[in-house]
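When we follow the UniProt record's numbering, the leftmost residue of the sequence shown carries the number 1, and every step to the right adds one.
Hints are all accurate, no fakes.
Here are the computed distance ranges between Cβ atoms for each label pair:
1. Asp-156 <-> Glu-38: 28 to 38 Å
2. Ala-32 <-> Gly-63: 18 to 28 Å
3. Arg-94 <-> Thr-36: 25 to 35 Å
4. Ser-44 <-> Val-72: 23 to 33 Å
5. Leu-39 <-> Pro-133: 18 to 28 Å
Listed next, the in silico EDC-like pairs over lysine to aspartate or glutamate satisfying Cα-Cα at most 16 Å (straight line):
6. Lys-128 <-> Asp-138
7. Lys-120 <-> Asp-153
8. Lys-129 <-> Asp-54
9. Lys-175 <-> Asp-153
10. Lys-65 <-> Glu-108
11. Lys-61 <-> Asp-119
12. Lys-86 <-> Asp-54
13. Lys-151 <-> Glu-60
In case anyone wonders, no lab produced these hints; they're calculated from the structure. Even glycine gets a Cβ: it sits at the ideal position worked out from N, Cα and C.
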Amino acid sequence: MKILKKYKTLWILSAVVLLAGAVYFSNIPLLAINSTGELSEYYSSIDELSQRADIIVQVEKTGGKSFKYEDVPFTLSQAKIQQSYKGSKPAGERIVILETGGIIHNIEYTFEGNKILRDKDRAVLFLKKYTGPVTNEDAYVILGVFQGKFKLDGKDGIIHSSDHLSKDLAKLRTKHELESLIRSH
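Whenever a hint applies, use it, and build me the whole structure from the sequences.
Shown next, in the form of structure tokens:
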């Protein structure tokens with residue numbers, strides 16, 4: 001009986017260690033920290049976003065890595081362009097996107113509730129070429145942190161990234177509506 005009890009305890013302990021290791025190494029968020037603050041630029045319409053964007057593209061995220069720079073979490077995402085609406089980046093090309101936030105050591109960091117793009121996520125993005133100290137990679141940033149990000153569901157409906165959008169941006173519900181507004185500007 002003592003031997004069975006010993007093996008049962010060893011089995012349970014091994015299972016707990018394996019589970020903890022799997023959670024840690026897969027970087028599954030166990031805690032969420034949301035930051036709030038003032039945006040340096042506020043966009044109230046697709047027209048404003050279109051005018052300021054260097055490129056407008058629909059992408060699918062294919063990979064990425066999160067890190068901290070001066071205690072601020074960032075994520076560098078690799079994405080494949082599925083469709084190009086503005087700029088010189090054609091469909092099929094790969095780009096790098098720098099987002100504020102990410103998952104680091106099982107903690108998910110967001111700004112104004114905006115979650116970073118995850119692998120296989122599709123989105124229409126209004127992007128500006130990144131210049132600054134956070135990365136040396138040839139990267140783009142989303143205009144207005146989250147205002148220029150329109151994540152798509154499986155049926156091309158829009159999943160808004162934050163509750164802090166202008167009324168005009170928040171009312172967009174489908175990729176078709178968004179494309180119509182992009183084409184009209």
